[in-house]
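Enquirer: Place chains B and C on chain A using the hints.
Keeping their order, the protein sequence lines are chains A, B and C. With the first letter of the first sequence counted as 1, position 128 gets the number 128 in our numbering; the numbers rise by one all the way through. Numbers in our numbering are just positions in the second sequence, counted from 1, shifted up by 176. Numbers in our numbering are just positions in the third sequence, counted from 1, shifted up by 527.
Among these hints, one or two may not hold up.
[To be verified] Okay, the calculated beta carbon distance ranges per label pair:
1) A:Leu74 / B:Met265: 17 to 27 angstroms
2) B:Glu185 / A:Leu12: 11 to 21 angstroms
3) C:Leu625 / A:Leu74: 23 to 33 angstroms
[To be verified] To give an idea of the chain C side of the interface with chain A (calculated C-beta under 10 angstroms), a few residues:
4) Ser532
5) Val540
6) Cys544
7) Thr547
8) Lys552
9) Asn567
10) Ile587
11) Met593
12) Glu599
Bear in mind the hints are in silico, worked out from the structure with no lab data behind them. Each residue gets a CB set at the ideal place from its N, CA and C atoms; glycine is no exception.
Listed here are the chains, written in short residue letters.
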Amino acid sequence: MPGSQLMLHLLLFSAFGIVCVAGAVNLLVQRHPINSALSLVVVMGSLAGEYLLLGAEFVAAVQVIVYAGAVMVLFVFVIMLLNAGEEEQTQGSRVAVLFGVPGMLIGSLLLAWVLVAHSGTQAVEAGALPGPPKMLGWLLFHDYLLPFEVTSVLVLIAIMGAVVLAARPESAKREH
Amino acid sequence: MQGQTLSVELFILVSIIKIAVAVGVLLTAVAYTVWLERKVVGHIQNRWGPTRVGPFGLLQPLADGVKFIFKEDLTPPHVYKPLYIAAPMIALVCALTSISVIPVGNWVSVAGVHTPLQITDLNIGLLIILGITSLGVYGVALAGWSSNSKYSLLGGLRASAQMVSYEIALGLSLVGVLILAGSFSLREIVDAQAGTFWGFIPRWNIFHGGQFIAFFIYLMAAYAETNRIPFDLPEAETELVAGYHTEYSAMKFAMFFMAEYANMITVACLASLLFLGGWHGPLFGPAILQAVLPIFWFGLRVFVFLFIYIWVRGTLPRFRYDQLMAFGWKFLLPLAIANLVVTALVVAWRS
Amino acid sequence: MVPLSYYLVLSGVLFACGVTGFLIKRNIITVFMSIELMLNGVNLSFVAFAAQWHALSGQIFVFFVMVVAAAEATVGLAIIIAVFRTRETLNVDQVNLLKL
Numbered sequence: 001m002p003g004s005q006l007m008l009h010l011l012l013f014s015a016f017g018i019v020c021v022a023g024a025v026n027l028l029v030q031r032h033p034i035n036s037a038l039s040l041v042v043v044m045g046s047l048a049g050e051y052l053l054l055g056a057e058f059v060a061a062v063q064v065i066v067y068a069g070a071v072m073v074l075f076v077f078v079i080m081l082l083n084a085g086e087e088e089q090t091q092g093s094r095v096a097v098l099f100g101v102p103g104m105l106i107g108s109l110l111l112a113w114v115l116v117a118h119s120g121t122q123a124v125e126a127g128a129l130p131g132p133p134k135m136l137g138w139l140l141f142h143d144y145l146l147p148f149e150v151t152s153v154l155v156l157i158a159i160m161g162a163v164v165l166a167a168r169p170e171s172a173k174r175e176h
Numbered sequence: 177m178q179g180q181t182l183s184v185e186l187f188i189l190v191s192i193i194k195i196a197v198a199v200g201v202l203l204t205a206v207a208y209t210v211w212l213e214r215k216v217v218g219h220i221q222n223r224w225g226p227t228r229v230g231p232f233g234l235l236q237p238l239a240d241g242v243k244f245i246f247k248e249d250l251t252p253p254h255v256y257k258p259l260y261i262a263a264p265m266i267a268l269v270c271a272l273t274s275i276s277v278i279p280v281g282n283w284v285s286v287a288g289v290h291t292p293l294q295i296t297d298l299n300i301g302l303l304i305i306l307g308i309t310s311l312g313v314y315g316v317a318l319a320g321w322s323s324n325s326k327y328s329l330l331g332g333l334r335a336s337a338q339m340v341s342y343e344i345a346l347g348l349s350l351v352g353v354l355i356l357a358g359s360f361s362l363r364e365i366v367d368a369q370a371g372t373f374w375g376f377i378p379r380w381n382i383f384h385g386g387q388f389i390a391f392f393i394y395l396m397a398a399y400a401e402t403n404r405i406p407f408d409l410p411e412a413e414t415e416l417v418a419g420y421h422t423e424y425s426a427m428k429f430a431m432f433f434m435a436e437y438a439n440m441i442t443v444a445c446l447a448s449l450l451f452l453g454g455w456h457g458p459l460f461g462p463a464i465l466q467a468v469l470p471i472f473w474f475g476l477r478v479f480v481f482l483f484i485y486i487w488v489r490g491t492l493p494r495f496r497y498d499q500l501m502a503f504g505w506k507f508l509l510p511l512a513i514a515n516l517v518v519t520a521l522v523v524a525w526r527s
Numbered sequence: 528m529v530p531l532s533y534y535l536v537l538s539g540v541l542f543a544c545g546v547t548g549f550l551i552k553r554n555i556i557t558v559f560m561s562i563e564l565m566l567n568g569v570n571l572s573f574v575a576f577a578a579q580w581h582a583l584s585g586q587i588f589v590f591f592v593m594v595v596a597a598a599e600a601t602v603g604l605a606i607i608i609a610v611f612r613t614r615e616t617l618n619v620d621q622v623n624l625l626k627l
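Chain A extracted, bound-state conformation (with noise of 0.2 angstroms):
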C-alpha cells in the first residue's frame, strides 16, 4: 500500500506540475493577451492542486477563490475593456527574446541543479501541513494580528487609489 501511495503522490505532483509549467510556457508564448490571461487562471489552478497535495486545504480555496476567481477576472475585464490586439514585434522585443530567453534558461538550469543538488531529498509528504483552517484563523488573529491590521488599510487605500486613478477626467471637471 504505502508503495502506491508514494507512486500516486509523484504521479499527482507530477500531473499538476506540468500543466503548471505549460500554462506558464503559454503565458510567454501567446501573443494575444487574453490568452495569456486564461493560461494563468490554468497556471493558477493547478496550483492550487498542488497546495491541497501539500495538506493546506485553505490556502488552496483561497488561492483559487480570490486570486483565480478575482483578481484574474480583473485583468480579464481590463484586457476585454481595453480592447488590446494582438502584440507587434519591434526591434527592442526581437533583442529581448534574443538574450532573455537562453539567459533566463540558463539561470534558471543553473539554479535547478543547486537546488536539487543542495537542498537535500527531505521528503514531504502528502498533506503534510496540520491542522484545520481553525489553527490558521487562530494564528492570523493573535500572532499576526498586526499584520492583518494593516493589509486591512493596504487594501482601502488601494481601493480608493483605484477608483481616484480610473475616474474619467471629465466627471470632475463636470462637477466644478
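Expert: The following block gives chains B and C in isolation, referenced to the frame of chain A:
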C-alpha cells in the same frame, strides 16, 4: 468519522455510481425546473403554461431538448472561435461540478457498503462551492467578449461585474452560519442543526441561530449571482437584446440555459443545507423508509426555495444597473458585515 | 513522498518564466501578468517549506502575499487604464517619453 474504509476498487465503483445518479438527477431537475417555471409564471400571468405535450405539459422539456439538438448551430463568422466554443462549456462545467459536495441525506448502508449520500465530503466543502461560483464568472465574461458584438460585450461585462460584486455579499452572509457550526464541511453544518428547542421549533439556523437576516441577504445575493429577476438586466430582451448570449444558438445556448438553472438548483440546495436544516425532519416507519425520508425532506426544502425563486420572477420588475450595483455594495455588504459582527459577539458572549 | 527540492524546482521554473515574460513581452498587461506569475511561484515555495517544517506561519505569509498581490493588481490596472486613455496604446516601447 463513521464508516469502514473501503478498498480502492469498491470506493471507485461507489463513487462512479454516485456521480452517475447525481448527474442524472441534476439534469432531470434542471429540465423540470424549466417546466415548473413556465407553468408557475404562466399561472401568475393568468394563462396556462405548456399544456399540449403530455399531461399538464410534462413532456415539454423533452420536446425542448429535441428542438435544441436539431436546431441549426450557427457560428457567426466574426467571433473569436476558441473562446466562443469554450465559454458555454466553462459555464456548464462550473454549474454541474458544485453538486459534488452537496449532501442529501445521512449515511446509508446499501448491500453492505456504508457510504454517505454525497459524492465526497470535503472539510472545505463550502469554500469549494464558493470557488466554483467564482470560476463561473469566466463563462459569462468570455462569452460576451468572444461574440465580438457590442450588445454581447456590454451584457457580458455587466453580468460578470454584477456576479463578482454579489459574490462578496453571498460569502459574507454565510460566515455567520460558519461561526455557529465551526466547520466548513457541509455535513457538519447540517448536523449542528439537528433536534429542536422549546419543544417543537426545529434548531435550524434561521430560527435558533438567529440567521434570518443572513438568510435574506443570501436570498438576494443568490438572485443576483444567478442573474435572475429582479437582477437580470444583463440578459433582458428589452434592454440588451439577449446580453452575453445574443450570438449563441441551439446547443451552445442550451448549455447556458442549463447552467443558469443548475446554478439556481445549487444555490437552493445550499440555502436548504445552511439555513433550513438540511435533511432533518420527522422520521417514521421501517428502516428503508427512514433512509429515504431525509432525501424527501431535503427535496421539499429545495422545491420551496425554487418556488420562491420563480414566484419572485413573476412578480417583481427589474433593477436598473446602477441601482443594482448600489444595492449590492452599499446595502447588502454593510448589512452582511453587521450580521457577522453581531453573530460573533453573541457567540463569544455565550461561551 | 515527493522530495522538497522538486517543489522548489517547480517554484523556480515558474519564477523564471515570470522573469522571462517581464523581459520579453511588450504588452503592458502581459508584463503585469508575468509579475503575478512570479508571485505565485514564490507562494508555492512558501507553502512547500511550511509543509516541511510543519509550521503554519508559512501559510499565513501566503495570505499576505495574496492580499498584497490583489491590491497591487488593482492599482496597477487602474494606472494602465489611465495611461491608455492618454497614450492610446498598450505597447511599452511607445510609452517611453514623459511628454506625449
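Enquirer: Would the hint on cysteine 544 of chain C be counted as holding, given a Cβ-Cβ threshold of 10 angstroms to chain A?
Expert: Cβ of cysteine 544 of chain C sits 4 angstroms from chain A, so the hint holds.
Enquirer: Min Cβ distance, lysine 552 of chain C to chain A: is it shorter than 10 angstroms?
Expert: holds, 7 angstroms
Enquirer: A range of 17 to 27 angstroms was offered for this pair. Does it hold for the Cβ distance of leucine 74 of chain A and methionine 265 of chain B?
Expert: holds, 23 angstroms
Enquirer: Close enough to count: is the Cβ of isoleucine 587 of chain C nearer than 10 angstroms to one in chain A?
Expert: holds, 5 angstroms
Enquirer: Is the shortest C-beta separation between serine 532 of chain C and chain A less than 10 angstroms?
Expert: It holds, given that the least Cβ distance between serine 532 of chain C and chain A is near 5 angstroms, below 10 angstroms.
Enquirer: Starting from the hint 23 to 33 angstroms, judge whether the C-beta atoms of leucine 625 of chain C and leucine 74 of chain A obey it.
Expert: holds, 28 angstroms
Enquirer: Using 10 angstroms as the Cβ threshold, decide whether threonine 547 of chain C counts as touching chain A.
Expert: holds, 4 angstroms
Enquirer: Let's test the interface hint: is any C-beta of chain A closer than 10 angstroms to that of glutamate 599 of chain C?
Expert: holds, 8 angstroms
Enquirer: Just to be careful: measuring from the Cβ of asparagine 567 of chain C to every Cβ in chain A, is the smallest value less than 10 angstroms?
Expert: OK, holds: asparagine 567 of chain C within 10 angstroms of chain A, min 6 angstroms.
Enquirer: Is the interface hint for methionine 593 of chain C satisfied, with its Cβ closer than 10 angstroms to some Cβ of chain A?
Expert: Holds - the Cβ of methionine 593 of chain C comes within 10 angstroms of chain A, reaching about 6 angstroms at its closest.
Enquirer: Is the interface hint for valine 540 of chain C satisfied, with its Cβ closer than 10 angstroms to some Cβ of chain A?
Expert: holds, 6 angstroms
Enquirer: Within 11 to 21 angstroms: is that where the Cβ-Cβ distance between glutamate 185 of chain B and leucine 12 of chain A falls?
Expert: Check passed, 19 angstroms falls within 11 to 21 angstroms.
Comparing the model with each numbered hint stated earlier shows that all of them hold.
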